[in-house]
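Asker: In case you want the letters, here they are:
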Amino acid sequence: MTNTIVAGIGATEFSKQSGRSEMRLAAEASRAAILDAGLSPGDIDGMVTFTVDGNDEQELMRNLGAGPVTWWSRTPGGGTGACAAMQQAVAAVESGVANAVLVYRAFNERSGYRYGQPHAAGGPPPLDWYRNFGVDTPAKMYALWFRRYMHAFGATNEDFGRYTVSARRYAATNPKAWFHDRPITLDDHQASRWIVEPVLRLYDCCQESDGGVALVVTRADRTTDVDAPVAIRAVADARHPDASITANYYYDDLARYPEAAQCAQLLFDRSGLTPADIDVAEIYENFSPLVFLVLEAYGFCGPGEAAGFIADGNLDIDGALPTNTHGGLLGEAYIHGINSIQEGVRQVRGTAVNQGADVEHCLVSSLNSGLVLGRV
Amino acid sequence: MSDAPPESRHETRRVAPDDAFFWAAAADGRLVIQRCADCKTLRHPPAPMCGACGSLEWDTQESSGRGRIVSWISSLHPNRPDDEPRIVILVQLEEGTRFVSNLVDPPHGGPYDDLPVVVEFRDDRGANTPFFRTAGVDTQSLEVDA
Numbered sequence: 007m008t009n010t011i012v013a014g015i016g017a018t019e020f021s022k023q024s025g026r027s028e029m030r031l032a033a034e035a036s037r038a039a040i041l042d043a044g045l046s047p048g049d050i051d052g053m054v055t056f057t058v059d060g061n062d063e064q065e066l067m068r069n070l071g072a073g074p075v076t077w078w079s080r081t082p083g084g085g086t087g088a089c090a091a092m093q094q095a096v097a098a099v100e101s102g103v104a105n106a107v108l109v110y111r112a113f114n115e116r117s118g119y120r121y122g123q124p125h126a127a128g129g130p131p132p133l134d135w136y137r138n139f140g141v142d143t144p145a146k147m148y149a150l151w152f153r154r155y156m157h158a159f160g161a162t163n164e165d166f167g168r169y170t171v172s173a174r175r176y177a178a179t180n181p182k183a184w185f186h187d188r189p190i191t192l193d194d195h196q197a198s199r200w201i202v203e204p205v206l207r208l209y210d211c212c213q214e215s216d217g218g219v220a221l222v223v224t225r226a227d228r229t230t231d232v233d234a235p236v237a238i239r240a241v242a243d244a245r246h247p248d249a250s251i252t253a254n255y256y257y258d259d260l261a262r263y264p265e266a267a268q269c270a271q272l273l274f275d276r277s278g279l280t281p282a283d284i285d286v287a288e289i290y291e292n293f294s295p296l297v298f299l300v301l302e303a304y305g306f307c308g309p310g311e312a313a314g315f316i317a318d319g320n321l322d323i324d325g326a327l328p329t330n331t332h333g334g335l336l337g338e339a340y341i342h343g344i345n346s347i348q349e350g351v352r353q354v355r356g357t358a359v360n361q362g363a364d365v366e367h368c369l370v371s372s373l374n375s376g377l378v379l380g381r382v
Numbered sequence: 439m440s441d442a443p444p445e446s447r448h449e450t451r452r453v454a455p456d457d458a459f460f461w462a463a464a465a466d467g468r469l470v471i472q473r474c475a476d477c478k479t480l481r482h483p484p485a486p487m488c489g490a491c492g493s494l495e496w497d498t499q500e501s502s503g504r505g506r507i508v509s510w511i512s513s514l515h516p517n518r519p520d521d522e523p524r525i526v527i528l529v530q531l532e533e534g535t536r537f538v539s540n541l542v543d544p545p546h547g548g549p550y551d552d553l554p555v556v557v558e559f560r561d562d563r564g565a566n567t568p569f570f571r572t573a574g575v576d577t578q579s580l581e582v583d584a
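Sequences listed follow chains A and B, in order.
Taken in order, the first sequence gives residues 7 to 382; the numbers are from this note's numbering.
Taken in order, the second sequence gives residues 439 to 584; the numbers are from this note's numbering.
Hint data in this document are derived by calculation from the structure and do not stem from the laboratory.
Just so we're clear, the structure is a prediction, and the values are computed from it rather than from any experiment.
We put the beta carbon where it would ideally sit given N, CA and C, even for glycine.
Be careful, since some hints might not be right.
[As the list claims (entries may be wrong)] Now the stretches of chain A that chain B is said to cover, found in silico as 3 or more residues with beta-carbon under 8 Å:
1. 32-44
2. 133-142
3. 249-260
4. 325-337
[What the hints assert, rightly or not] Taking lysine to aspartate or glutamate pairs in the DMTMM-like style, the calculated list, with each CA pair at most 25 Å apart, reads:
5. B:Lys478 - B:Asp457
6. A:Lys182 - A:Asp322
7. B:Lys478 - A:Asp194
8. A:Lys182 - A:Asp194
9. B:Lys478 - A:Asp259
10. A:Lys182 - A:Asp259
11. B:Lys478 - B:Glu532
12. B:Lys478 - A:Asp248
13. A:Lys182 - A:Asp324
[Stated by the list, open to error] The following residues of chain B were derived to be distant from chain A, with all beta-carbon distances above 10 Å:
14. Asp457
15. Arg468
16. Cys477
17. Gly489
18. Pro544
19. Pro545
20. Asp551
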């Protein structure tokens, strides 16, 4: 149980061609979140993002007229840090080094550059151990991990497709989703082209998106100042020393996801909740198989059981665990998972377009990090 | 930012300082694994410090070059970087470390899970590079924990 809340959320539209700079997207989303919190830019004294963000923190501060800012942080691992960035905000507020922390993310990953295309040379040297042998896109990095899961449990690409159909069904009724009004069938999924055979088809992959999302975290005792506070019940991040710069190829058992399992344990320990207490889940899925590994790591189903769990309709809005109700990163947009935190806030507020029934607790998972949101 | 895809396969190879010993051995056709000189823990990819004991002292252990495929993908891209499909494999070496490489001369169209493999050095952009091919019965009994 933390003594912090998400006070405000803000976002730009999600597109393939924003027509404006990444800094402008960051400023628009951030200002919207600050105003949604009932605060002014001068109230923001902490700023957090995670790696693979081209917007300079100080430049964004200047745009917003925020501050004086006394806390800065940036967590590692790109999208694995979406909830880790929230942990930075929570830690700063709980320790007293900041009162109101802005967590943000904005980019033109479709119109400005192509995030899913082969990555350029350079970067940290360990990348060469993979790139030299053809592992040069996020899809390939992750597929080389996911393939072991398929082999271990007999999971098929068609199984993964059933998740995608679910995500696209939610996106179809979310006007903010890029794939609004464009549901697909399992046949459509199976007819989409291979991106990384035999693991990922096109419809297993998240989007390349333009857009920005921001959230404001502040003290729980400031709930009277804000319009729609949502409690942060717990937040956690877990990484193991054998982690690698790509997806992790060094777990003893590649068909499992021990870091997510440890994150889940921390979240449940810190919140006093169990998987049965989670009403809705927003699970980061750069690629559809990740949902399978995370569902199992969190104990929503047993090892190798995710395919059946999903096929049985548990992720549906009237299922046991409505999941990725905004359409996920496949259906809404790929803002590196921070848009999934925003959706979690809406679920607890009761303002989501695909609203779960009587949501008391929402889990947000972003790979190695996660958080549990709840009613104040 | 340019729309042109980066030439990840065709670029000049970079050899980072911590990796130099590996490629020097590879030039001689030897597959070596970095080993902590103090606690003897093997590690790959190479790194300056032993994560098990903190030692900066290291030497190498020669690998048998034999292992088993833990995971694999077919790497094909519509643009230049992978204009030929490659089977990317994650190999568990007999010595216990894992190594990402390519399967050369695949014996069939897959799947390749758990197949025993043996190293085969080939030139890649001027560097003698460890690739792997499927192996015979010698490695059939090899245990893979993954």
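Asker: Against this structure, judge whether each hint is valid.
Answerer: Checked hints:
1. 32-44: Check failed, 0 qualifying residues.
2. 133-142: It holds, with 9 qualifying residues against the three required.
3. 249-260: Holds: 7 residues of the segment 249-260 of chain A have a Cβ under 8 Å from chain B.
4. 325-337: This one is violated; 0 residues, fewer than the three required, reach chain B with a Cβ under 8 Å.
5. B:Lys478 - B:Asp457: 18 Å, holds
6. A:Lys182 - A:Asp322: 19 Å, holds
7. B:Lys478 - A:Asp194: With a Cα-Cα distance of about 52 Å, the restraint between B:Lys478 and A:Asp194 is violated, given a limit of 25 Å.
8. A:Lys182 - A:Asp194: 22 Å, holds
9. B:Lys478 - A:Asp259: 23 Å, holds
10. A:Lys182 - A:Asp259: Between A:Lys182 and A:Asp259 the Cα gap is close to 38 Å, so the pair fails against 25 Å, i.e. violated.
11. B:Lys478 - B:Glu532: 16 Å, holds
12. B:Lys478 - A:Asp248: Holds. B:Lys478 to A:Asp248 sits at ~17 Å (cutoff 25 Å).
13. A:Lys182 - A:Asp324: 22 Å, holds
14. Asp457: Incorrect as stated: the minimum Cβ-Cβ distance to chain A is 7 Å, not above 10 Å.
15. Arg468: B:Arg468 clear of chain A: closest Cβ-Cβ about 17 Å, beyond 10 Å.
16. Cys477: 14 Å, holds
17. Gly489: Non-interface label fails for B:Gly489: nearest chain A Cβ at 5 Å, not farther than 10 Å.
18. Pro544: 13 Å, holds
19. Pro545: Per Cβ check, B:Pro545 is outside 10 Å of chain A; nearest 17 Å; holds.
20. Asp551: B:Asp551 not clear of chain A: closest Cβ-Cβ about 4 Å, inside 10 Å.
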